[in-house]
Amino acid sequence: MMRLALAMVLALAAGLPARADVDVEEVTSPGGVTAWLVEDHTIPFTALEIRFRGGTALDRPGKGGAVNLMTGLLEEGAGEMDAQAFALAREELAASYGFEANDDSISISARFLTENRDAAVDLLRSALVEPRFDQDAVDRVRDQVLSIIASDLNDPGSIATRAFMGRAFPDHPYSAPNDGTIETVTELTREDVAAAHADTLVRDRVYVGAVGDITPEALGGLLDDLLGDLPQSGADLPKEAAYSADPGTEVVEFDTPQSIILFGHEGIERDDPDFITAYILNEIIGGGGFNSRMMEEVRVKRGLTYGVGTWLQPMESATLVMGQAASANASAAETVEVISDEWARAAEGVTQDELDAAKTYLTGAYPLRFDGNARIAGILVGMQMDDLGIDYIESRNDQIEAVTLDDIARVAERLYRPEDLSFTVVGRPEGLDATN
Amino acid sequence: MLRATLLSLFALTAPLVARAAEVSTFTLDNGMEVVVLEDHRAPVVVHMVWYRTGAADEKPGVSGVAHYLEHLMFKGTDDLEPGEFSRVVAENGGTDNAFTSQDYTAYFQRVASDRLGLMMEMEADRMRDLQLDGRDILTERSVIQEERRQRTDSDPSALFGEQRDAAQYQNHPYGIPVIGWMHEVEALELDDALDFYRTYYAPNNAVLVVAGDVTPDEVRSLAEEHYGPLEPTEDLPERTRPQEPPQLAERRITFEDPRVAQPYVIRTYLAPERDPGDQRKAAALTLLADILGEGQTSELARRLQFGSKEALYTSAFYRGTSLDDTTFGLVVVPAPGVTLEEAEAALDREIAAFLDEGVDPAQLERLKFRMKAGEIYEADSAQSLARRYGSALTSGLTVADVEEWPDILQSVTADEIVEAGREVFDRRRAVTGWLRAPGQETTPEGAEGAVAIEAPTSTEITQ
Numbered sequence: 024m025m026r027l028a029l030a031m032v033l034a035l036a037a038g039l040p041a042r043a044d045v046d047v048e049e050v051t052s053p054g055g056v057t058a059w060l061v062e063d064h065t066i067p068f069t070a071l072e073i074r075f076r077g078g079t080a081l082d083r084p085g086k087g088g089a090v091n092l093m094t095g096l097l098e099e100g101a102g103e104m105d106a107q108a109f110a111l112a113r114e115e116l117a118a119s120y121g122f123e124a125n126d127d128s129i130s131i132s133a134r135f136l137t138e139n140r141d142a143a144v145d146l147l148r149s150a151l152v153e154p155r156f157d158q159d160a161v162d163r164v165r166d167q168v169l170s171i172i173a174s175d176l177n178d179p180g181s182i183a184t185r186a187f188m189g190r191a192f193p194d195h196p197y198s199a200p201n202d203g204t205i206e207t208v209t210e211l212t213r214e215d216v217a218a219a220h221a222d223t224l225v226r227d228r229v230y231v232g233a234v235g236d237i238t239p240e241a242l243g244g245l246l247d248d249l250l251g252d253l254p255q256s257g258a259d260l261p262k263e264a265a266y267s268a269d270p271g272t273e274v275v276e277f278d279t280p281q282s283i284i285l286f287g288h289e290g291i292e293r294d295d296p297d298f299i300t301a302y303i304l305n306e307i308i309g310g311g312g313f314n315s316r317m318m319e320e321v322r323v324k325r326g327l328t329y330g331v332g333t334w335l336q337p338m339e340s341a342t343l344v345m346g347q348a349a350s351a352n353a354s355a356a357e358t359v360e361v362i363s364d365e366w367a368r369a370a371e372g373v374t375q376d377e378l379d380a381a382k383t384y385l386t387g388a389y390p391l392r393f394d395g396n397a398r399i400a401g402i403l404v405g406m407q408m409d410d411l412g413i414d415y416i417e418s419r420n421d422q423i424e425a426v427t428l429d430d431i432a433r434v435a436e437r438l439y440r441p442e443d444l445s446f447t448v449v450g451r452p453e454g455l456d457a458t459n
Numbered sequence: 005m006l007r008a009t010l011l012s013l014f015a016l017t018a019p020l021v022a023r024a025a026e027v028s029t030f031t032l033d034n035g036m037e038v039v040v041l042e043d044h045r046a047p048v049v050v051h052m053v054w055y056r057t058g059a060a061d062e063k064p065g066v067s068g069v070a071h072y073l074e075h076l077m078f079k080g081t082d083d084l085e086p087g088e089f090s091r092v093v094a095e096n097g098g099t100d101n102a103f104t105s106q107d108y109t110a111y112f113q114r115v116a117s118d119r120l121g122l123m124m125e126m127e128a129d130r131m132r133d134l135q136l137d138g139r140d141i142l143t144e145r146s147v148i149q150e151e152r153r154q155r156t157d158s159d160p161s162a163l164f165g166e167q168r169d170a171a172q173y174q175n176h177p178y179g180i181p182v183i184g185w186m187h188e189v190e191a192l193e194l195d196d197a198l199d200f201y202r203t204y205y206a207p208n209n210a211v212l213v214v215a216g217d218v219t220p221d222e223v224r225s226l227a228e229e230h231y232g233p234l235e236p237t238e239d240l241p242e243r244t245r246p247q248e249p250p251q252l253a254e255r256r257i258t259f260e261d262p263r264v265a266q267p268y269v270i271r272t273y274l275a276p277e278r279d280p281g282d283q284r285k286a287a288a289l290t291l292l293a294d295i296l297g298e299g300q301t302s303e304l305a306r307r308l309q310f311g312s313k314e315a316l317y318t319s320a321f322y323r324g325t326s327l328d329d330t331t332f333g334l335v336v337v338p339a340p341g342v343t344l345e346e347a348e349a350a351l352d353r354e355i356a357a358f359l360d361e362g363v364d365p366a367q368l369e370r371l372k373f374r375m376k377a378g379e380i381y382e383a384d385s386a387q388s389l390a391r392r393y394g395s396a397l398t399s400g401l402t403v404a405d406v407e408e409w410p411d412i413l414q415s416v417t418a419d420e421i422v423e424a425g426r427e428v429f430d431r432r433r434a435v436t437g438w439l440r441a442p443g444q445e446t447t448p449e450g451a452e453g454a455v456a457i458e459a460p461t462s463t464e465i466t467q
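Going down the list, the sequences are from chains C and Z. Residues in the first sequence are numbered consecutively from 24, following the working numbering. Residues in the second sequence are numbered consecutively from 5, following the working numbering.
Derived from the structure by calculation, the hints contain no laboratory data. Predicted model only: the values in this text are computed from it and were never measured.
Have a look at the derived ranges for each label pair, beta carbon to beta carbon:
{"id": "1", "chain 1": "C", "residue 1": "G102", "chain 2": "Z", "residue 2": "D221", "range": "53 to 63 Å"}
{"id": "2", "chain 1": "C", "residue 1": "G102", "chain 2": "Z", "residue 2": "E408", "range": "37 to 47 Å"}
{"id": "3", "chain 1": "Z", "residue 1": "W185", "chain 2": "C", "residue 2": "D157", "range": "42 to 52 Å"}
{"id": "4", "chain 1": "Z", "residue 1": "E361", "chain 2": "C", "residue 2": "D159", "range": "23 to 33 Å"}
{"id": "5", "chain 1": "Z", "residue 1": "G65", "chain 2": "C", "residue 2": "D105", "range": "51 to 61 Å"}
{"id": "6", "chain 1": "Z", "residue 1": "S312", "chain 2": "C", "residue 2": "D157", "range": "13 to 23 Å"}
{"id": "7", "chain 1": "C", "residue 1": "A142", "chain 2": "Z", "residue 2": "I412", "range": "21 to 31 Å"}
{"id": "8", "chain 1": "Z", "residue 1": "E229", "chain 2": "C", "residue 2": "N125", "range": "46 to 56 Å"}
Far from chain C by the CB rule (all over 10 Å, computed), these chain Z residues:
{"id": "9", "residue": "F103"}
{"id": "10", "residue": "L134"}
{"id": "11", "residue": "L198"}
{"id": "12", "residue": "T219"}
{"id": "13", "residue": "R224"}
{"id": "14", "residue": "E248"}
{"id": "15", "residue": "I257"}
{"id": "16", "residue": "E260"}
{"id": "17", "residue": "D279"}
{"id": "18", "residue": "T343"}
{"id": "19", "residue": "E361"}
{"id": "20", "residue": "E408"}
{"id": "21", "residue": "I412"}
{"id": "22", "residue": "R432"}
{"id": "23", "residue": "W438"}
{"id": "24", "residue": "E464"}
Beta carbons: idealized from backbone N, C-alpha and C, even for Gly.
So here's chain C without its partners, still in its complex pose (with noise of 0.2 Å):
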């Protein structure tokens, strides 16, 4: 149908350019952190991205919510600063970092200027290695997080993710929400943030990338300088979680005009040799953007919501594969249903069209994520915890590339099984029967 002339040359034109042009380097220190490198120093500033391996699944039992305050509390204050103070330092060398914790992993994202590097540096680094967990500051924080956790439980998404979790991993740390509760986040004492903290910012679960204006000469110095005061190592992780949700759907009832859907079952590992095959066919069936099954069946020919998508989400102690919609509460049942036909067909495959188009459009769009510094280190800390390699970036569109049919149908079969799908649907739902 399209008669644009130049789109059908380009469309026929087959070959992308697309090959990302990132040079990675891996750069050990003096002391032997190493880090992944892509050198740029078109722009004065540098990005970091550190990421501990563990993150909020390593609360100790009963302690929930300590390792998510600790992140929290490691810029309020820290060596001879208290929160002030470290606030205003930081002002000063306009640097910024960011304290994250997710389930498995805790993510530092800084950026400092090269003019003043080290001292931007030496001020991260008495967050990570010294922070003080002044009483004041833990009140003060603890509220904060009290407050968040009191908002969560009166958001359906929130909701749905507490309910799906807590059927799927009853038995594990995951079932627990990352901030921990009313009741125990009420209960943490200082020494439980300390504890939390010398569980898990330690040098032998530490990863790192850099990207911007430095040298490895300079990345090894500031990896020492940085890393080399922390413990070399923490708390056990976790182990592996056992899947348990029974198939049908849930209903948590919650007065709100409009019902969120959560649904998936067990996954697929990340280093599964399958796990590429599994990429593509997810991006067929509900992946981003706008021309997913998913997208089709459910938005484009129903109406039936603004948006649905489904993803892949292999974890460190267990995998799954998801997807959430939001319907009407008159339309939410219809909206099931129509997933739940979309996932039984996805067990069958897809057609080489099909095939065809994702590979084009997931080769295509690949260099394409590599357009900042703070991404690329991102990127460069995933691959590193992936035990991806560091020549992944060039071998990574071949791979797609050699995915099969073959490989699709025996991968969908494996991958969606209709008689496993269990939903959690939060709303006022109508017509919708809870089956377990």
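With chain C fixed as given, assemble chain Z onto it according to the hints.
Here is chain Z on its own, set in the frame of chain C:
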């Protein structure tokens, strides 16, 4: 630490301009303005077409039609089937989307730089040759109703924001939400969308912004090939909206919703926006918002979070890039045990004290240094730079205004900042809003849910 969650939502202060990218501008014969931002670090371009029209240009009774049309722009032309636009972008390894605000509607793609011509060809096609079929448009109307449910009706903070805007603007259409009121959205017709399209979508009402791995010569030649042949619209309506009368009476609203766990108070004041050749007051207000509410050492945080401990969180916001009168806002989330009344009184007390004591010179110096650094960090993202130019040029500003802005910010004095505050903080032009659950007096000491605090005015919504 709460900043990470809440601050990003409130951080609507007008941003800085990075000059690291080379900026070129020219105008096509048909009146289409072009801005090119060169950044050759990656073989990628962002291609954006910004129309100088948004929700505030809608006729009465069809709220949401600007945004509805934005959705329909993906539903086909004489040359493209419904959905084909996005499919072709994806087939070429790109991503695309669009967004609508009160003042502009913009469409963009990110692609490998050698696909720029194709993007222009398709974007030029739908500027003039949209062709819609009845079934598609009804389904898409259901989609935007779901969008409204998701963005607004599911979120008491968003509903609260709508009510505050409606109270803030007594005559100007900024009081009507971009997504539209539900009773009008569900009655939108194809003709409403086409009427808006025919009135406003034209090359002489559009700004093309291309950022990334291209040269101005390449952009000029491609733009002349693809956009050049489009006929301009001769009778473009003049861009004037009903303006605010003198506001003489303070407005106060209390919005109660059982889904609220964390009560808070927001006050917004009607405030002047950046005007072409006249941005000094807006610059002073931009600095004032940062001094009062940005970060742990800001006046409100220092006084209310660390000092009296009456607040869990505080913020101030000001968005100067706007065609007509904008707002300056102050936020206090009370600490446990503190009532909204007490929180508001504490806010008034500390603002008065600040105006009395003046700006801390060291803080102002730090802020200006951070703004300079911001230009360096900003240069890292061609896309955000492109948005800076696009939003400014569709909000009544010129390229020269955008380029002068950083220097104006640096030159604003402490006295000008306090003066701007005194002028704007006039309760007769203010809306004070309390958000809480029914019967809720204070921030709970522990239990019973709440809702995350949303941006006071949702400035853009996407396709």
